[in-house]
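Modelling step: build the complete structure from the supplied sequences, incorporating the hints.
Heads up: the sequence shown begins at 1 in my numbering, then just goes up one per residue.
These are calculated hints, taken from the structure and not from any lab test.
Where a beta carbon is used, it is the ideal one built from N, C-alpha and C, also for glycine.
Any given hint could be a false lead.
If you anchor each label on the Cβ, the simulated ranges turn out as follows [unchecked claim]:
no., residue 1, residue 2, range
1, Leu-128, Gly-82, 23 to 31 Å
2, Leu-128, Arg-79, 28 to 36 Å
3, Arg-79, Ser-28, 31 to 39 Å
4, Gly-100, Thr-47, 27 to 35 Å
5, Thr-26, Cys-77, 15 to 23 Å
6, Gly-88, Thr-65, 31 to 39 Å
7, Arg-79, Asp-124, 29 to 37 Å
8, Ser-36, Ser-98, 15 to 23 Å
9, Pro-16, Asp-69, 27 to 35 Å
10, Arg-114, Ala-38, 18 to 26 Å
11, Asp-124, Gly-88, 14 to 22 Å
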Amino acid sequence: MDRDHPHQRPSKYVVPTGHGYLGTYTVSTDRTVTISTAALGDRDWPTDTAHAIDHDDGVALVPRTDTTDPLAEYTLCRRFTGARIAVGNAVIDALELSRGDDVRVYDLESTDARDGLLLVDADDDPRLATDDAG
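So, in structure tokens, the structure goes:
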């Protein structure tokens with residue numbers, strides 16, 4: 001509720017997310033998560049390769065040029081005007097996820113002021129607590 005609409009209730013269909021939220025994706029039966037153009041947006045990745053690295057809140061996908069010790073390396077797939085990237089077992093294991101679990105994707109620039117994406121377990125999203133605190 002807000003003071004302009006004191007009798008209005010928040011929607012039961014709204015799922016809280018943190019600052020920089022880009023989308024929610026589900027771990028497939030082959031233990032991958034394919035992140036679509038919707039989350040990748042118009043980012044200009046300097047290479048077609050992204051590295052998955054440990055992050056305090058989950059796993060970050062950063063351009064290959066930004067790290068030397070990745071958990072895994074993934075290729076950005078470009079087709080026509082769209083792009084997508086599929087992350088696999090290394091990321092799924094690091095986040096301790098199983099088939100059917102959800103992954104939230106955040107803009108790493110909004111959380112750490114660096115290029116990339118942040119992947120977190122949707123059931124234990126640390127970005128919610130961080131954003132609520134201040």
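Task: In rising order, the numbers of the hints this structure does not comply with - done: 3 and 6
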